[in-house]
Amino acid sequence: MARYGMIVDLTICTGCMTCVLACKQENLTKPGIQWNKILELENTALDEITYVRQSCMHCDNPPCMGVCPTKAISKRADGIVLTDQKTCIGCKACIDACPYSAPRINPKEDYFSGNAMPYEKNVAPYRVQMAGKATRCTLCAHRIDKGMVPACVEGCPSRALIFGDLDDPKSPIRKKLWQSKQLLADKGTHPKVSYIVPKNAFQPSEKRVLEDK
Amino acid sequence: MARLTRRTFMKMAGLSAAALTMSDRLLMSRAAAQAGAADKEEVGYQICDACNGVPCCGIKFYKTGDIITRMEPWPGFPTATLCSKAYATMQRIYHPQRLKYPMKRTNPKGSPDPGFVRISWDEAYDITVGHMKRIGEKYGPHSVFFYVGDPKEPRAAVQRLAATYGSVNYGDESSVACRKGALTAEVLAFGYGTTGSPPNKDTKSLLVWGTNPPYSGPANDWQNLLDAKERGVKFIVVDPRNTPTATILADIHLQPRLNTTAALAAGMMHVIFKEGLHDEAFCSKWINGIDELKEYVKAFTPEKTEAITWVPAKKIVDAARLYAGNAPGGLKTSPQGTTHDLNAGNNHRAILMIPAICGYMDVPGGVEEPTNPLEGFGGGWANGPPAFCFRKKMDQMRPHRLDNKDFPAFAELNLDVQVNRIVEYIKEGKVKAFLGWGFNTMIWPQTHEYQKAIESLEFSMAVDFFFRPWTHNYVDLVLPGAVNFERIAPFAVHGRRLFGRTPVKPLGECREDWQIACEIGVKLGHPDIFFNGSAEGACNEILKLWNTSYDDLRKNQEKGVTVPPKRPNTYRKYEVGMTRPDGKPGFNTPSGKIEAVSLILKKHGLTALPEYKEGLKISKEYPLMLLSGGRVPYITHSKWRDDAPWLLELQPQPLLDIHPDDAAKRGIKKGDDLILKSEWGQVRVKAKPSVLVRPGIVGLMHGWAKANVNELVPRQFDPVTGYPPYKEVPVQVIKA
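Residue numbers (numbering that gives the first Met the number 0), protein chains in the order written: chain A, 0 to 212; chain B, 0 to 735.
Chain B with its partners taken away, still in its complex shape (with noise of 0.2 Å):
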């Protein structure tokens, strides 16, 4: 019957025969496995990678055998509702593209075809411990670098693999370019971690610096701060861009030019200590360097701020009035948007100071810090659990880390290595094999040179779900790696609360990341530490800390298994000794206090105070500064492009958001064909002309393989976080 109305219409629309046929097979095809549907749907719980974060948020999927057939958010889960990237893994698991074999080059490096066969695990795991011991005998195992890009997942245990091989020398996207910046930041300041806490009912204002959480967060994140404007929370939105964040929340929203970070949080310093807004008896007890702080923001009066940020004067003195007038206020800082240029450390520690002259340092609806951070897990899968890392041994090997002279804040900060200056090391012979989970070469600035460096290596070996040419052409092994619906590993945490996940059978014969990490270290010769190859012996192995189980969690898989709190919620915790490791009063500093001056930096002969610092500079011939990177909703790094057609869709080639106004003096139209350049690189794109930007600057995402924006940027590192300037890269746009 179908198939009769069906040529009746084609017939009607004179479509082609060929046409006919394909539709009509799928067609017919349906109909006869829908006649015959008898397959019962069960239910799965998953949790997304789709975005780099982890723990993730939370999917429910429905299945028929092995084929997931539609998804919801997972009832009740903390993350509430999805994103679109996340509905999208729906179509990424069956990607007629995805890599379900395990691949070696036949053809040498260099080659214009790298000429990948198929091979079998045993040879794969064979190549690979062979070149292992081979390289650890003659070069010594500091010499194999193992890295974590996208996702985080593996990371604990692939640093169980480093450490238990020997080397110290694990790096990762976030000792690249993400959290670890920040982080290394927020622990210069206050000796812990911090994007700020959730806003509540204490709240009274927010100051929200350079992120959009409905981008780049979780949906209860965006949720939260929805519920707080709607208690009425003063909301000061500090970023370049019009994003959402700042049409939707902000009393007070500041567009600074980009990284004039350091002299913003100055001037606003400046207005709150000349007004007596400060809590003055915080400031004189627990912060280090205070004087020294009063005294440099004295210079950035609001004028000489507005010359240097672009922020009118007046909105400086009002963001510092409604900040420090409407107190407690919060902080929201991004893991790492104000980290992307050549002051990145302490540009973000300029902000962190606000809040602490302010004295809402771990006050109700202040910076709280979480009175019980669940025990022995060690902040997050982006670090792991400092037990299953092996941490103590890997901090024993530190001497060997390669980092210390170029980075020496970072390195002594830091668990990852800062992996930038992998290019040097790689020529200096001190890394002659690369191990590499989700590794995209496109993360780096001037990528072609990590390209030619990494394929320089004696043997580099990558986990991926798709076969990316611009990291996969330089590599010996290519290994299929099992996608999120596929996984067991990790399972997920929120605070206290533990979700497990139940897989479907991987495609092929793809192999979840944790999996892979654990056969290697069998094959080197551990099964006992790795568990004999097992994800979920691995996971059982960390659950044990807090006396529970993967079948425990199977047991309880909607709501997971919550880890009873220690004690209850309490606030200045630094008062009573209950911040620092030795259980002594104060922050978890060498000064004991907030560092305004960090006596760790002053060590390593770096800037002490959270000082401005002109970047790189606009000039004639590149007049535009470039924003690299801002969230797009649908695309995270080099994912989600072919990835997900549902996604790419949305936007199917390099989009410049470039404002009106210098559109409009350069005779850009909506959709034309554009080069931007850089002094270093050019890239071919589309204009979208677009109020997202403010005038003199132009934004466009990374991660386009035909447009990579990394080439425009060059190899110059902050000192104190390593970083590149993504953010801060003068740039010129013509008409193609």
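Next comes chain A alone, as it looks inside the complex (with noise of 0.2 Å):
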């Protein structure tokens, strides 16, 4: 069995908010909902920015699901975490237990009050958005299992997201893994989204994160 991953390479990402909106568009996601958000984070020293992709790591170990009262949280065989909302009684449990601030609780607003728009209309189950109901990236699993990569990993300009199977030693994945590094390893969470980070910026690049909590 696969166990899917990814790799963000911190060097080449632009910040140009394609990847988000590419999700957007693909998981028809609350507004204020980013499954994937930009952090920028700003080195006065340097003179740089460095854009921080966050979004929810797929741990191995994944510390939202122990903590989940109702049993909505689950790991697929392919290390794919997934949240079911019908299950899900929007406790919170999981943003306190998540050390990268993946999940957020949908809103009860649209974009449009009241104005449900065409495409939202007759929608696959993935793009049933529940309000009151934890929300986070599911590696677009129903592209995944068409044999698809995610579409933030599609649209990406810069190719700066790298998915792939992470035990497939043939897989494009694999070839980078080495320059990568675990955003709060210490954690002990396993995540399997990992980063390709500009020098000086990886304990600053943990830090961006910890602070969006």
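Careful, some of the hints might be misleading.
Said to hold, decoys possible - Facing chain B, a subset of chain A residues (Cβ under 7 Å, in silico): (1) ILE11; (2) MET16; (3) PRO117.
Rather than coming from a laboratory, the hints here were simulated on the basis of the structure. Since this is a predicted model, take the numbers as computed values, not measurements. By construction, the Cβ of each residue, glycine as well, lies at the ideal position given by its N, Cα and C atoms.
With the hints as a guide, bring both chains together as one complex.
Structure, rendered in structure tokens:
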């Protein structure tokens, strides 16, 4: 069985927000919910900005899963961590448990209050976003199941998102894995999303992610 | 079942009954729809208009019936992937506020409420054509101004309409502020327009000046640069901002003070000449005024250049050596970023002289000129195919251009009229009517003066996707334009590849720009010239040039149609007479050479060398320089604020980029309310301390209706291009 993961190359990420919007139109997430967020990390000493993409890390040891009182969170055989919205009670335990601030609670608002967009009608189950429920990146499991890459990966103009099977020695992700590091590895979560980070930006990137809590 | 779960949850969460009803209904309708989902999903192909580039990036979309459901990059399309704005076109198409019907004002101009009411297309056309005929007879056809703003797509169709009607006065967003300023400089210098060519395997160094492709260009453009970096190409990036282009690519990043481009270029040329790094053989044979240029840059020692530009002398020397020492060097300039100051034309010409003196012109890996531009296309939709646009007739009418006196060099070199003095032309009674597609008053400095001028016209009409009060409150008619997914025209052109579009049915009574232009032409009495109002007919007229048709494009939908090149790619085409229309060797300029001393500028009494000229000066009262319009990746102009909330939530308010040191000096913290003011106006903004800008410079995106930065920009214009100083306004920032 595959074990899917992603490398985010922050040395070439431009903060263009394409991945954010590719995800929005793919998954029809609610207002203010960005499954992948771009955090700006300012380095005043070097006059540089690093754009830190933050999302669910699909941890091998997901702390969110253990704390969910209704067992709404599960890990698939291929390592993708999913929340079942029907079972979720919106108690926020997963939010407290996640060091990466990945889960959020869906607001009740829609983008056009009361006006459902035509593309919001008749939607596939993966695009139904229920108010009050915890929500986060699904790694586009519905696309992976069809042999496609996640929408953000397909959309990235810098090719800064490298997706693949971490257990497959031939997968593109394996070739770059040695260059990448896991954020907040000391938390013991074993994230399957890892980062290639500009020089001197690793600890600041970790700090930046923590700040977003 | 869904309902039960929902209710249970709602009780637990203790949410209001009203919210429950609303969400519940939505949920149920979704569930019901899913249960009965039988509609087949189909694919379609479109191009994007989101950033006002043409021919734009390719979208593959999925639809159920006529409803777009999702999208992805068009596989194999030359532009590779999409950007955030392109994805948001899916939200724009179904925006509840989209204009869906023609509207006419019922209250007199100047009323607080224009009183727009819905009318039929027949009435809209009768009103428009009635005014065109009346005004044409009374004041002459040149008093009707035709204008295309954003998107650029309808330019060809609108020019054909203007020419047929008999008005030479066609202008566009490019002739106000965008591409035509730099293009004028390029044509003056090289005899043709170029922003450089993509770096290739032969390129050893690249000079990137004032452009940040990941925020402003198609993805393939950026990917080319990343690949070049990977191959070891040396990058010199000139940009006052710490853009991703500078951070990711630059071996040397030069951050000049605003409007000092010509001085920085002169400083680099000083080093190149002094150290003998230039191509003397090329210079003496192919550059007009090379001795004058050498003489002029003598004074720009690295130290003097540092004093003017704030770029450290050592960096200037290093950059000059890196570029001239790694031959051949390519060039990547902005279509407009370096031309938003009062020395725009000469600033941009100065940049172009750097690859020229190094002898990088049309050598493999240098500044390559295409060998096989698509015949008869005229360089892109920004211009339009000359035959289709009736360019000959327009050229014959040139003496009636409004800009001849104010901006003679610009007027001589461009098909589009410099529009920036339209306030005066209207006051002088030279313009009586204005027909605008995607027309936006916020493009202009001192916007309110243009609003007033437009309001005073006898007739004005605007085609748009939304009602935009800052423009439409001042016009008589507003017509609903079809958005990208609903258009068939124009087809996409990339090099010699052509791609068709598969439109969905427009919402309401929306019609596409080309159709509107053609239907006005029909109503004016020219059904044959305007293909009985058919946008596809108009496209076919152009496609005939290459012995193809829209049907062919449909048959080859995903892959497109390739027009075979006439000859193999060659280089140094100027040596063998492949550059000038008369077939003589040389560049297509009056001297036949690259012109450091421009004979056209000389003829019009303008500065012939690309000289540095100090512009607007900072003072104690206004100690910072404003760089407006530096690209934000998810905004173009005034679009993508309310048009698509997906994007608006990325930045809901106008943010002022200010260096952390400049912010600290003023006690400004992130999110503070600020007043940004110049001698000419002020706006309220939110503080965003950031190293994106260097100390001494603040940055604000244009197009915020409630914080229109162009009210801070004076109505002063560069004499060569006619462009206003969007990027050199002395300002002060204070806490609100």
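_Let me make sure I understand: some of the numbered hints might not hold for this structure. Which ones are they, in numerical order?_
Nothing - there is no hint that the structure violates, so all of them hold.
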